[in-house]
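There are 4 protein chains.
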Amino acid sequence: MINAGIIGSTGYAGAELVRLLLRHPEVNIKWYGSRSYIDQKYASVYGNMFKLVEDICSDDNINALADEVDVIFTATPQGYLASVLTEDILNKVKVVDLSADYRIKDVSIYEKWYGIEHKSPQFIGEAVYGLCEVNREDIKKARLIANPGCYTTCSILSFYPLVKEGIIDANSIIVDAKSGTSGAGRGAKVQNLYCEVNENIKAYGVLTHRHTPEIEEQLSYAAGEDINIIFTPHLVPMNRGILVTGYANLKKDVSYEDCLKAYEKYYKDEKFIRILDKDVCPETKWVEGSNYFDVNFKIDERTKRVVVMGALDNVVKGAAGQAVQNMNLIFGFEESMGLDLVPMFP
Amino acid sequence: MINAGIIGSTGYAGAELVRLLLRHPEVNIKWYGSRSYIDQKYASVYGNMFKLVEDICSDDNINALADEVDVIFTATPQGYLASVLTEDILNKVKVVDLSADYRIKDVSIYEKWYGIEHKSPQFIGEAVYGLCEVNREDIKKARLIANPGCYTTCSILSFYPLVKEGIIDANSIIVDAKSGTSGAGRGAKVQNLYCEVNENIKAYGVLTHRHTPEIEEQLSYAAGEDINIIFTPHLVPMNRGILVTGYANLKKDVSYEDCLKAYEKYYKDEKFIRILDKDVCPETKWVEGSNYFDVNFKIDERTKRVVVMGALDNVVKGAAGQAVQNMNLIFGFEESMGLDLVPMFP
Amino acid sequence: MINAGIIGSTGYAGAELVRLLLRHPEVNIKWYGSRSYIDQKYASVYGNMFKLVEDICSDDNINALADEVDVIFTATPQGYLASVLTEDILNKVKVVDLSADYRIKDVSIYEKWYGIEHKSPQFIGEAVYGLCEVNREDIKKARLIANPGCYTTCSILSFYPLVKEGIIDANSIIVDAKSGTSGAGRGAKVQNLYCEVNENIKAYGVLTHRHTPEIEEQLSYAAGEDINIIFTPHLVPMNRGILVTGYANLKKDVSYEDCLKAYEKYYKDEKFIRILDKDVCPETKWVEGSNYFDVNFKIDERTKRVVVMGALDNVVKGAAGQAVQNMNLIFGFEESMGLDLVPMFP
Amino acid sequence: MINAGIIGSTGYAGAELVRLLLRHPEVNIKWYGSRSYIDQKYASVYGNMFKLVEDICSDDNINALADEVDVIFTATPQGYLASVLTEDILNKVKVVDLSADYRIKDVSIYEKWYGIEHKSPQFIGEAVYGLCEVNREDIKKARLIANPGCYTTCSILSFYPLVKEGIIDANSIIVDAKSGTSGAGRGAKVQNLYCEVNENIKAYGVLTHRHTPEIEEQLSYAAGEDINIIFTPHLVPMNRGILVTGYANLKKDVSYEDCLKAYEKYYKDEKFIRILDKDVCPETKWVEGSNYFDVNFKIDERTKRVVVMGALDNVVKGAAGQAVQNMNLIFGFEESMGLDLVPMFP
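Protein chains in written order, with our numbering: chain A, 31 to 376; chain B, 31 to 376; chain W, 31 to 376; chain U, 31 to 376.
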């Protein structure tokens, strides 16, 4: 049994961590951090937690927290963890960071896309990019996990086998991603009001979204060369779910079976990845509330391209679920512990 | 052709006024007031108005405005108009107030339910409650219209004929109202975020909602005695629409035909009120985007009660549409001018 | 470890049984019955179950099934179970019926409200009405459970303590209920299409809904006399959730504390019932995906009435969750086994 | 004043024709055709039309209809019009066909993608593809209009200027389209039920959707060569609206201004096309209920591609609105008559 603290527990990703960890047989949540709701009952912030969580929200004292728990999850705005992390903390606890602070190895790229100075670049090298299906062995040995972004997880996992196997021209990749609104967070902004999002769909952050360099970096590793892609996020009137529809040029004549073989090579034994049956298109509803990533693809003989489709729940596999999966790996628990969630339908 | 100014043009009710007045053959909008968006293009606040409105948002100088226009619509927070209205303004322009400032005749009730001091009670007596189907003749002669609230319009029109004809015990009235989220306004509040409202329904303001005394006052006039009712509003995951389901005890044995006769007595010739066919339940979707109020009822022999159902679009008949209807009456235009909107389905 | 069969496993309630039983530590699903999808893979009907359920849908042979399993769940249209149930079946297996066939003790009332002849009235007497919090001890000894309806569970639990304690006039009860659309089932009907339900709210089945006599019967037991109520269901544009807003006349002067005491008397130790803090209104989102029933109330001094609010997830506590709770009681498992679901938000 | 008949008036596109034509100053609807609802009141099928339409639905006798009206709109399943159209009919009335029967010039392509035999290929040559902004002059002289599909209108108008001006490689075009659910029609299908569509997004008809050859044919004319594209439609949980996000390789170094010049060359004077300001992304909500098509684009220096975004209301500019626009052109009415609809927000 380990103790966990959550800094940023009242955002949507933080709240999902609470939902998952409450039912994790080896974890006890000791600290509900929340700058916005200090001294308020957690259950008054999230009514669903009434009678399930009796705790009060605490301020963000990461140093104090490091003495009390075994693992800290930071579901905080960009720059927070980078500004407070120390060697001392890392010597005491494992840290799973759900922000972007340590995801990008080249600090100048981070500073350019995020527009803030990185306050502790010395830990970037050590941080392990927590995409479990790709970096499992490194994660097990890590002190600091850079938990991947929601769009990023969905985009990388959709293309990874095809890039790794050299089937597609990685520079031709176009990721057209559609996200539920929980991805926009719980901040009070006019653009995220019910009446603004409902009955509406739009692209946003076109060619400038911060998950772009993160996808590029990870797929560059797989490709063995630096690549550039197009990534276009869209806001969809639903709470949860990301669907990636991706496009790329085939480098060679490949059949359905060839591509399938690539996906199976990397994902066949993955508990949380489901390669759908031929011609079945992923639907975000099929993974809602679960840690699954569903994927499929179709080959277009006419244009010599592949269409790839991937779906996940942005607050589970795209955030809190993956964070728990990383924690399980680090502490030697069964990787799926606390994550055997059956998707909810409808 | 008259000139109109809108103070509070960037709230949802104000924006609906713009939508309606843009197509009104006798009105020219001269002033787009908005404290929050001063000097910004109106069309940058409401993208739907691109190429339709070229104007810039202005600050709220009601005195300057009174010199430029024939009618002022105030779609502003409670207390604003009461704090700036003067005899001089009313001598120059007609004012249609979409706030609650002049709706309640007893200033102590206003101050109790709204929790603010009324700054110009001297105009309360003169203000005409702008429920066109009930107060038509007074409206025609008014300088100052207290445009009814959305819940209020729906609740009063649902029960008015039954109360007026003494068919029900007005003190037994229970109004269970369900509203789309545009009724909550465009303010950036966590509770109105997409993810908080979507896939959710709740009551709010139970026994304390400010529309209660407004409904009570108007139905008291109809009843000829002071009455108390229960009013329970609910927030529904949809943009527009209010549905009232109302209950009351029958004072005497009445048939379906008796009740129907009561509704027809008051509503038969009303262009914007539709008494639905027997057993057809109103649906908010059937009035969306239009100035219609749909109504129907059922008599319960078992419990000697009547169930009344009424539906309207809260931003049209419940706000901007009714305001335009009032303006038409005041200026001698055809009452339905600019309001011949066909409900949109789906 | 027991074996379970589900007849009607491809409706929404059946599918939720699958979701819950898949994670129940003492149950193995042996039979996925579905008349509409015979011989098709269950996971092709519900894509969320891909890789989780490998079974094929079977026809409804309840006699064969009775030899194979320990418990049969029937999530079937009204009249099905009544037409096939035999003493022989009940001697072999426990039956939890999610239809209305055995809920109403007076067969003439059943036949009047449902419009069909009851084919096996001989089992009505023995059937136990499976509202666990009320009939727990009888359930433990039952062979046949009449699992309560979704509206019914929410309505009865909302009012039960107040009726039982004689605080309200049970004949004055008005239940204004709002349901998500999964309650309408998975049948392909125009009125349940996305575009018909979305952005819309309506009452339906006013004064004629079949859950009315079921609520009346159960509350009559609590009241100790035959009562009549008004029950008005509404269709809300959301997937899951029922909210009941109820009204009743107080029989005596009672305080908030008096009422609270009544609720606590019956619900204090109930794991799945949460009496919310004073003035907090239940929201369906707070119970989504869980077996909780949330309740609260407010007393209106002005009209001497109480407003009661109750919320549950119609496919969990209102159907499949309660069915599993009943099964747990019958088989002597811990009552909450497999039901420790944390509500999902957002 | 002309008379119009609508065959298929109870589908969503047919119903929108009714909404628009009811307010068209030069049109009188004489015939509400509907195979499914013969002899029923139109307003009982669409409750929003209560008191607005008193007519009864009639069977589809196009020959009888041709004697009574000046224009026939067919909002019917594929193959219907092709199976009944005759020279005699075309000599008597103008026909605006909202189905795909005459959209594709090469009958073998039609038969391949639609899987049905074309029963009257002799009219294909004469039919004018009713994309008003592209084929205006031909439309004015036409007897038979092939009204474009919703996806098609949005896709073609998004790319037309860039293809026509040779700025992009038309064979590299990828159209990722997102549609509201009204595009799926009013047929009672499980996959279009509220609970299946809500809180869900998916691609469908990947590489096989029937609008593909229609887009290809029209863009081939613009390109001056036969082209192949990728078109991926998605189903979005909203009623109305299509958003196209399109991608293509730039053939040459072009600036934002160069591209803008291309769009302005073709669309500057178009009343129903709005080229948005730099960096503003179209939102479907901004065109809801109106005949507008909004468009914008961004150039990606990193990958030498352009991202194009277009939005329209699928039942207005994507169906009924464009049909009325075509009718206006044919009969010499002002092109925007009856179509000056202000988009509704929220």
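These are calculated hints, taken from the structure and not from any lab test.
This one's a predicted model, so the numbers in the text were calculated from it and none came from an experiment.
Don't take every hint at face value.
Any copy, or any two copies together, can satisfy a pair, since identical chains are not distinguished.
[Unchecked claim] Computed cross-link-like contacts, EDC-like style, restricted to lysine to aspartate or glutamate with a CA-CA straight-line distance of at most 16 Å:
id, residue 1, residue 2
1, K122, E98
2, K219, E247
3, K295, E247
4, K301, E141
5, K171, E84
6, K291, E331
7, K71, D85
8, K301, E364
9, K171, D283
10, K194, D168
11, K219, E84
12, K334, E156
13, K281, D330
14, K301, E287
15, K149, D307
16, K81, D299
17, K81, E294
18, K334, E147
19, K308, E255
20, K298, E163
21, K149, E167
22, K71, D89
Which earlier hints can't be squared with this structure?
-> 2, 3, 4, 5, 6, 9, 10, 11, 12, 14, 15, 18, 19 and 21
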